[in-house]
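Residues per chain, in single letters:
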Amino acid sequence: GAGVSQSPSNKVTEKGKDVELRCDPISGHTALYWYRQSLGQGLEFLIYFQGNSAPDKSGLPSDRFSAERTGGSVSTLTIQRTQQEDSAVYLCASSPRQGAIYEQYFGPGTRLTVT
Amino acid sequence: DQQVKQNSPSLSVQEGRISILNCDYTNSMFDYFLWYKKYPAEGPTFLISISSIKDKNEDGRFTVFLNKSAKHLSLHIVPSQPGDSAVYFCAATGASGTYKYIFGTGTRLKVLA
Numbered sequence: 369g370a371g372v373s374q375s376p377s378n379k380v381t382e383k384g385k386d387v388e389l390r391c392d393p394i395s396g397h398t399a400l401y402w403y404r405q406s407l408g409q410g411l412e413f414l415i416y417f418q419g420n421s422a423p424d425k426s427g428l429p430s431d432r433f434s435a436e437r438t439g440g441s442v443s444t445l446t447i448q449r450t451q452q453e454d455s456a457v458y459l460c461a462s463s464p465r466q467g468a469i470y471e472q473y474f475g476p477g478t479r480l481t482v483t
Numbered sequence: 038d039q040q041v042k043q044n045s046p047s048l049s050v051q052e053g054r055i056s057i058l059n060c061d062y063t064n065s066m067f068d069y070f071l072w073y074k075k076y077p078a079e080g081p082t083f084l085i086s087i088s089s090i091k092d093k094n095e096d097g098r099f100t101v102f103l104n105k106s107a108k109h110l111s112l113h114i115v116p117s118q119p120g121d122s123a124v125y126f127c128a129a130t131g132a133s134g135t136y137k138y139i140f141g142t143g144t145r146l147k148v149l150a
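Chains A and B are the protein sequences, given in the same order. Under my numbering, the first residue of the first sequence carries the number 369, and numbering increases by one thereafter. Under my numbering, the first residue of the second sequence carries the number 38, and numbering increases by one thereafter.
In isolation and in its complexed conformation, chain B is listed as follows (with noise of 0.2 Å):
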């Protein structure tokens, strides 16, 4: 049972437009989200995240928003640079105290030049 779901395996952005990532969520105990940035033989490198307290948080180019009512989130960078093409994980926790962290599959975003 995937409880954390990216439905999209790859995205192709052309350079200076907006890349949008997707993450849906099936588990309504989940109250903290996390956006991670993986490159080739390198771990992921923790990007921006969001409490469920929230509906959005910005960082620089990275904005998260979480629609709680529909389970999902989504990772919006812009403008979009060669350097941003990776493999982006969501990840999510629930109920405050726990460790336990459920990722997707990931999307891998092509920053097209």
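Same shape as in the complex, but just chain A (with noise of 0.2 Å):
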């Protein structure tokens, strides 16, 4: 079957411009996270969605990023005039449900470069 996607694969944007990153997660998984992999670190938790649960937003660095999922399935991730450092790997992940038994699915992930 489909596994997770993410799209673009890779995003190049200029300081100060806004991007969208999609995830499109496994059918019928009611959970979604994002991480992100800046060079040389590990997956950074950003953002957590469960059904219809409010989301974890906990992650999220700054309130230049936000996250949205619709219809309890495709997700958005949008940075909001991005800066150097937002430059990373974004990681789509989907889970069956919540609970720490159930392991994660990734996607391929988004590179992004800020120049």
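Please note that a few of the clues may not be correct.
Claimed, not checked - Lysine to aspartate or glutamate pairs mimicking DMTMM-like chemistry, simulated, CA-CA at most 20 Å apart: (1) B:Lys105 <-> B:Glu95; (2) B:Lys105 <-> B:Asp92; (3) B:Lys147 <-> B:Asp121; (4) A:Lys425 <-> A:Glu436; (5) B:Lys93 <-> B:Asp61; (6) B:Lys137 <-> A:Glu412; (7) B:Lys42 <-> B:Asp68; (8) B:Lys137 <-> A:Glu388; (9) B:Lys42 <-> B:Asp92; (10) B:Lys105 <-> B:Asp68; (11) B:Lys137 <-> A:Asp424; (12) A:Lys379 <-> B:Glu79; (13) B:Lys42 <-> A:Glu412.
None of these hints come from the bench; they were simulated from the model. These numbers come from a predicted model, not from an experiment.
Could you fit the two chains together into a complex? Lean on the hints.
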């Protein structure tokens, strides 16, 4: 079956511009995560969606970052007024449901470069 | 504060030998641990996991050991194969019902043919 897909795979943008990153989770997965991996760093949790519950936004680094998930499926991560320190690989993952016993299925990521 | 640490950024092993990747954690509330493998330009893929009620879990060539008193886990790959060359991340989560996974910084494994 289809895995998690992300688009675009690569994005180069100028400092100060807004960008939108898209994630299509595995059909039927109710949990969706966004992570960021900067060069030489581990995966940094950004935001979590579970069903119709309010998302956990505690990992978003600033108010320039926002995310939404429409219809419990596709999610969009938006970064406004991008800065060079936003350059990273942004990874989306989905999971069948909330809970520690369910591993996450990751998409290939979007490599964002802010010039 | 890095709650999950992988202190070796890289490791090289000869094909056929054992690869041992280490991970340390500081939060005693963590009760479930996972290993992921990541190839370049791909997302991480789940490899193996272990619950804190166990000290060992085995799946084919992959075995994860957990030492709760030392807050240490390790992934053993035996025998190592060139296709195992990748970056390996350990991740931890705590208290049943939570969903936040804390990832280490990864160890790049290179298996030499």
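How the hints compare with the structure:
1. Straight-line distance between C-alpha atoms of Lys105 (chain B) and Glu95 (chain B) comes to about 17 Å, which keeps the hinted pair within the 20 Å bound.
2. Distance check on the hinted pair: Lys105 (chain B) and Asp92 (chain B) sit about 8 Å apart at the alpha-carbon level, within 20 Å; holds.
3. The straight-line distance between the Cα atoms of Lys147 (chain B) and Asp121 (chain B) is roughly 8 Å, inside the 20 Å bound, and the hint therefore holds.
4. For the given pair, Lys425 (chain A) sits about 10 Å from Glu436 (chain A) by alpha-carbon distance, which is consistent with the 20 Å threshold.
5. Simply put, Lys93 (chain B) and Asp61 (chain B) have alpha-carbon atoms about 16 Å apart, close enough for the 20 Å limit, and the pair holds.
6. Distance check on the hinted pair: Lys137 (chain B) and Glu412 (chain A) sit about 10 Å apart at the alpha-carbon level, within 20 Å; holds.
7. With a C-alpha separation of about 16 Å, the suggested pair Lys42 (chain B) and Asp68 (chain B) falls inside the 20 Å cut-off, and the hint holds.
8. A threshold of 20 Å between alpha carbons decides the hint, and for Lys137 (chain B) with Glu388 (chain A) the separation of about 24 Å lies outside it, so the pair is violated.
9. Distance hint between Lys42 (chain B) and Asp92 (chain B) is fulfilled; the C-alpha atoms sit about 19 Å from each other, no more than 20 Å.
10. Taken as a hint, the Lys105 (chain B) and Asp68 (chain B) pair is honoured in the structure, with Cα atoms around 9 Å apart against an allowance of 20 Å.
11. For the hint pairing Lys137 (chain B) with Asp424 (chain A), the CA-to-CA distance comes to about 10 Å; that is within 20 Å, so the pair holds.
12. This hinted pair checks out: Lys379 (chain A) and Glu79 (chain B) have alpha carbons roughly 16 Å apart, not beyond 20 Å.
13. Among the hinted pairs, Lys42 (chain B) with Glu412 (chain A) is consistent with the structure: their alpha-carbon atoms are about 13 Å apart, no more than 20 Å.
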